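Peer 1: Protein chains in written order, with the working numbering: chain A, 1 to 314; chain B, 1 to 515; chain C, 1 to 687.
Careful: at least some of the hints might be erroneous.
To be verified - Listed next, the stretches of chain A that the computed footprint assigns to chain C, with coverage defined by at least 3 CB atoms under 8 angstroms from CB atoms of chain C:
#: 1; segment: 18 to 25
#: 2; segment: 49 to 61
#: 3; segment: 205 to 212
#: 4; segment: 228 to 237
To be verified - With a cut-off of at most 30 angstroms between alpha-carbon atoms, the simulated BS3-like pairs for lysine-lysine come out as follows:
#: 5; chain 1: B; residue 1: Lys514; chain 2: B; residue 2: Lys488
#: 6; chain 1: B; residue 1: Lys426; chain 2: B; residue 2: Lys456
#: 7; chain 1: B; residue 1: Lys319; chain 2: B; residue 2: Lys513
#: 8; chain 1: B; residue 1: Lys185; chain 2: B; residue 2: Lys218
#: 9; chain 1: B; residue 1: Lys185; chain 2: B; residue 2: Lys104
#: 10; chain 1: C; residue 1: Lys132; chain 2: A; residue 2: Lys229
#: 11; chain 1: A; residue 1: Lys310; chain 2: C; residue 2: Lys132
#: 12; chain 1: A; residue 1: Lys233; chain 2: A; residue 2: Lys310
#: 13; chain 1: A; residue 1: Lys229; chain 2: C; residue 2: Lys62
#: 14; chain 1: B; residue 1: Lys488; chain 2: B; residue 2: Lys128
#: 15; chain 1: C; residue 1: Lys62; chain 2: A; residue 2: Lys233
#: 16; chain 1: C; residue 1: Lys132; chain 2: A; residue 2: Lys233
#: 17; chain 1: B; residue 1: Lys387; chain 2: B; residue 2: Lys299
#: 18; chain 1: C; residue 1: Lys132; chain 2: C; residue 2: Lys36
#: 19; chain 1: B; residue 1: Lys210; chain 2: B; residue 2: Lys59
Don't read these hints as lab results, they were simulated from the structure. Small disclaimer: the values here were computed from a predicted structure and weren't measured. Think of the CB as a built atom: it goes at the ideal place given N, C-alpha and C, for glycine as much as any other residue.
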Amino acid sequence: MLAFFVRRLLLLTPLLILISFGVVALVLLIPGDPARQLAGIDAPQAEVTAIREQYELDEPLLVQYGRWLGGAVRGDLGSSIFQDRPVVTELGDRLPVTLSLAVGALAVMLLIGVPAGILAGTRPGSLLDRLITVFTSLSLALPPFWVAMVLVVLFAVTWRVVPAIGYVRFTDSPVDWATHLYLPWFALGLGGSATLARQVRGSLVDVLEQDYIRTADAKGLPPRRIIGKHALKNAAIAPLTVLGIQFAYLLGGTVIIEQIFSLGGVGQYFFVALVNRDLPVIRGVVVVVALTFITLNLVVDVLYTYLNPKVRLG
Amino acid sequence: MAAIFALVVGACSGAGDEPSARGGDSGESRSEGVPDPDATLRYGIDLTAAFTGSFDPAKVRGCDRPILDLIYDRLVRRDADNQLVPGLAKSWEIGDNALTIQLKPNVKFSNGEAYDAEAVKAGLLHNKTNPLFGALQKVESIDVMGPLELRLNLVDNSGLRVLYGFTSTDSWIIAPAALETAGDKPVGAGPFVLERYAPNSRIVLRRNPKYFQPDRFKLGGVEFIQVGAGPPSVTAIRSQSVDLVRFLPESLGAVRRDPRLGTAIRKSGAYLQVQFRLSSKPLDDVRVRRAIAHAIDRKAINEVVLGGEGEVASQTFPKGHPAYVPEVADRYPYDPDRARQLLAQAGHKDGFDFEMVVPSGVALAERQSVIIQEQLKEVGIRATIRKALGSELASIYYIGRQGDALVAAATAQANPPIMLNPFFGKGQFAAISNGAENPQISDILSQALTTQDTDKMIDLVRQASRIVVDQALELPIAFVPQLVAYDKERVGGTVRAPFDFCEADDFSDVFVKKS
Amino acid sequence: MSAPLLEVEGLRVQFGSSGGALTVVDDVGFSVEAGKTLGLVGESGCGKTVTALAVMGLLPPKASRVQARRLRFDGRDLTALSRAERRQLRGDAMAMVFQEPMTSLNPAYTVGNQIAETVQAHRSSDRRSAWKRAVEVLELVGIPDAAGRARDYPHAFSGGMRQRVMIAMALANEPRILIADEPTTALDVTVQAEILDLMRSLQQELGMAMVFVTHDLGVVADICHDVAVLYAGQVVEHAGVDHLFSAPAHPYTAGLLASMPQATPAGRPLAIIPGEVPRPEDQPPACRFAPRCPHVQARCEAALVPLYRAGAASSRCVRVGELPLRGVVSTVDDRSPRQRPSPLDLPHRAPLLEVRGLSKSFPVQRGVLRRTVGRVQAVDGIDLDIGAGETLGLVGESGSGKSTVARLILRLVEPSAGSVRLNGQPIHSLAAAPLRQARRQMQIVFQDPYSSLDPRATVGATVAEPLLVHEDLSSAEREERVIELLGRVGLGRHCLDRYPHEFSGGQRQRIAVARALALEPQLVVCDEPVSSLDVSTQSQVINLLMRLQRELGLSYLFIAHDLSVVRHISDRIAVMYLGRIVEVGDAEEVYLRPTHPYTQALLSAIPLPDPGAQRRRRRTVLRGDPPSPLQPPPGCRFHTRCPHVMDICRTADPVAVTTPGGSTVACHLATADAIPAGAAVEAQSSG
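Take these sequences, add in the hints, and give me the full structure.
Peer 2: Next up, the structure:
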């Protein structure tokens, strides 16, 4: 276990460096000049040049990168070109929003997807199974933004049971935090829940045909325990392996969901930065998101070894 | 969406010039009721676009006017007819390479410090460090002539231009004690003071009891609430999460269907346009450009893209603007036959191919470009559309000089010569790229930019505008409406739509009703 | 005679909906007393497993329908019990052990957990005492360091050990009856012997009844007291084990006994039961065995056949009593000289295949940097010769390196050292083009006919594939060849456009053989070609291979773990242990006078299809699993399990020597000229 973590950490540093450098290089390939963008097309060239100098945009790629890296290791990711706030501060404000959103959506995904998958998977071919299949097909076909709009119109505009926009910090009011996020959670998590339900169902149907399920039955275990203990742990392996990818989809989805629900999260930050070609922000967000993913995959790997003892961390 | 819109247009706030006031169309909407003097107006706004993240004017990079203007107020304001009127300055005098300003007496910052010549000098010099404040860059030095009098020594004869700059961003003055800390603890002489700032979420302003015009506002406070531009802003007001929002023409239907909502609509000076690359064949031929002008049905575009709420454009300035030239208003009526005729004369009987660059994600520009494409097809011109993301646009079209035309939206500028100068003035970035540097226009505009006389300035601009229209150097399509929706049951008084996206709101006659 | 513990009468099991229900078990009856073992025997598809599952109540309730005139356990009518009550019996008074120990344990929980869970499901015991019980039963089934191993996950156990765990789990609540479904089929013969011994001794200790489902008559002879023979969903014969083997009352039983390799002298065609078990949807209306029966008469096909009593037995045959059915009179023990001399015995004939010093090791990588920390020596310096027209049998436990040898010879993997010559050509130094030519001379038939045929290719395409690659034929010529090849393996031209799934296992293996023959090879490597087949089908394939060898002069390398089959088809036998050949010699010599203690142990582990002989036999049972090839023992590799181990064995590698019988043996005992009397020989002669 320890060796596993050590190896992961050893791999982590070059990976992050690679990612951040890749982002710098990639952005240079995309045409666009943030200085001109900032100054406006009517600004004289001198003004643009001044801005370029101010933000050190004229320096060679490696110098820019080296400076950035030097700051990054001290926890300074630079400042946005368009906003006067350090990227780290901004991320500190925004990450909780996006994580609240993504983790909540993940919870929605699990709370809907897993039970639906279990219900369908333990009764393949039944009416319930077919109903759940219809639900999953529909949910997958519906784009998240559309779901979000419908939810807003119904719950926030027509019935007015939850607010349509905004974010309240958990520390300010846990209740308000949740009421503001119900709709985004659901809008973001629904599609994933359908995918998950399908995976759990398929996985469970497979597992229930395994010999060890028959063994459990032969031991006289009640069906609840056979499914709850023997089937689910094994059936969780396949969905878990794609959970990292699922979470990636969720994080991607936050961009549009944050826009619709006016949540000041990382997705919105990244989107605006991308449009404006706001290099420091793009770099910072990508590195932080990469870190999030690496952490997430680490968690998935640990969970995986718990579910599948054959896999040893080492 | 408005965020991108503003950013793409590029010429936005920074340059220090102000959207033009418009006559004729007041853009006002009234709702009766009894004011609650302590209530706060909840204003939905896209803070990612409208707030830089700092309350320090020297750091401003976006369209921060709606927020900062309420904290700092301005030396000079403009009335509905784009005339300069006193703000915190009592009067001014334009001299040769100089501008003298008299301040109003007994004005105090919210921390109690005096709003005097020394304070204003310090504030202006502080603001000058912001390279985006174009007008202030004309200030070489400042002399304090008396407790309430300053003289600004200018690099050239641009006093009028500096005054226009003062009507927007450049004259936000920080209290001397707060110069270093204004980034998150702003102290100004404006009608409101900052009470709370939650990044990316909300900004709460309370009434400033020390404001020099205590009766000017009827609001207890203004709370800016983060609302995504476009459809989210409409959902926000429909769900009563906010009391007032600006919105885009595409949402007009949804807003009008909601009986609770009132709207204030103003035809602004910002306009949909097609810029031509005059160096590119066959656009170098005036007959071809005129053919295109005849081929475009501007009225249809106004109906489809702007919900009929915009104003069909015949020139760079809208009707009622001092620089408007009525004589050229009908220069290019919609006439496909005439267009074909002109094309044939120019030797393009079978039309020609050209590429239009369009900012992607900017709904107005994208929708407009599709219609233009269709209409040009009618006369045999085969236009292709190339979309470019906001940040790439300048690189592709201006720097890379790819594409033959730019279909975009131009922002309104307060100082009339600035509407034309970037596109046709000598040495101007866009003008060079478009091959549109025009010595004649350039001459006229440089006079206009340095004259001390407003009337003369207007006259010169009209001369330049005439040439632009006659030579069809650009193609204005329609002036974009500025739209405000408000909750009639919460908001009373007169709601006015702003002149332009970046312009500050006028809340002086807005109140929240007693419930 | 005490009252039977389990009584089954008129058991019928149907699958599917009521409209298209398939009856897979029909009128099955048997009974078992406490302390006794009943064997349920028959080919696959006869309903053995379904019967066992029906008795346990393990058939899916929605998809199946179980009816019985009588289904009583310990005096209780099982058909009258609710599902919950049946469940209370399961794992408690009635326990079951399954065929596949590799997959029957849940990989996600420790074995201790899974056993303790069984205890807790039926006893109100706390976790600690349930765990204690788990360790206890693990000790009982002979797991070394049971307390420690209980915390291990199933994957840390070998197949044999897992089956012990399964048995321990079944025994956790001291069941009154244990139903074992082919519990040793997936295991090596040496491990099988251990498990059978274990089950027998546990039965005596606990006094429980056992139902033993198997297709292996040797196993039946070894462990059962009574036998019910199932055919096509019916019991066709029910008798005491001695009676059944000596005087079978049903032609099917007799056919099964006769088709065992031991029943036919080596080299001769094996007796077979022609055809295959009918599928449930096309059962013959009257006697279900009639179409395959050599004694069939018109009246057999006239009416349903009841179970007749015939002395101590009962038989579902209208001709019961009137048929001269042969039992296993005595196991064939022909010490007669070989039918034909080994081609190698002929002077001046170079061998077709020459293997010298062949070795293969695989690296084992571990750690942060994936360094190679060790090597698994899968094959360690072996020498082999196969003459033209000769069959060399290669036997050994799983993991001994047999299959690696096959892959090395075909150059599917590159050797670490040594050479393989075919017709004098060094296979491993050939360039691509000559290698292609050489490969034509060598073909392979795999163990699993289900996975070795492409399910999406027709039989015609499958057999034609090598022709497409290697020969330039017109499509008509090619089809002609394919039809001819199919004819050779006994399949008609109507098979051309069919797909593998339409064929039974035996037929698929024929298709695989036809494909192997397409390029007219000289050598066919058969890697466990009959291991997954039933005994009568196995005989058919063996007969086919032998016939083809005669007709085409083929050479075979015949790899198998079943020594009796290998002995039957082979001219010579090589025995492998941990990557080395420990004994090689004339087939009869190795089989009847094994010299190496390992060969002796292998032979004595094969249960004899003769209950009397099997009971009298003194067996050399090997304890434990083979050591890991990662760290092979020093000296003689077999010394850790050898019953005759001497000091020298622990340090010195034995040198191969030739025995008086002509075999080559690598054993210090042989070197010392102190060959112990072969245990197997003794058992053989006493039968």
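Peer 1: Taking the hints in turn, state whether each one holds.
Peer 2: Consistency of the hints with the structure:
no., hint, verdict
1, 18 to 25, "violated (count 0)"
2, 49 to 61, "violated (count 0)"
3, 205 to 212, "holds (count 3)"
4, 228 to 237, "holds (count 4)"
5, B:Lys514 x B:Lys488, "holds (12 angstroms)"
6, B:Lys426 x B:Lys456, "holds (21 angstroms)"
7, B:Lys319 x B:Lys513, "violated (35 angstroms)"
8, B:Lys185 x B:Lys218, "holds (24 angstroms)"
9, B:Lys185 x B:Lys104, "holds (25 angstroms)"
10, C:Lys132 x A:Lys229, "holds (21 angstroms)"
11, A:Lys310 x C:Lys132, "holds (25 angstroms)"
12, A:Lys233 x A:Lys310, "holds (14 angstroms)"
13, A:Lys229 x C:Lys62, "holds (22 angstroms)"
14, B:Lys488 x B:Lys128, "violated (41 angstroms)"
15, C:Lys62 x A:Lys233, "holds (25 angstroms)"
16, C:Lys132 x A:Lys233, "holds (25 angstroms)"
17, B:Lys387 x B:Lys299, "holds (24 angstroms)"
18, C:Lys132 x C:Lys36, "holds (29 angstroms)"
19, B:Lys210 x B:Lys59, "holds (26 angstroms)"
Comparing the model with each numbered hint stated earlier shows that hints 1, 2, 7 and 14 do not hold.
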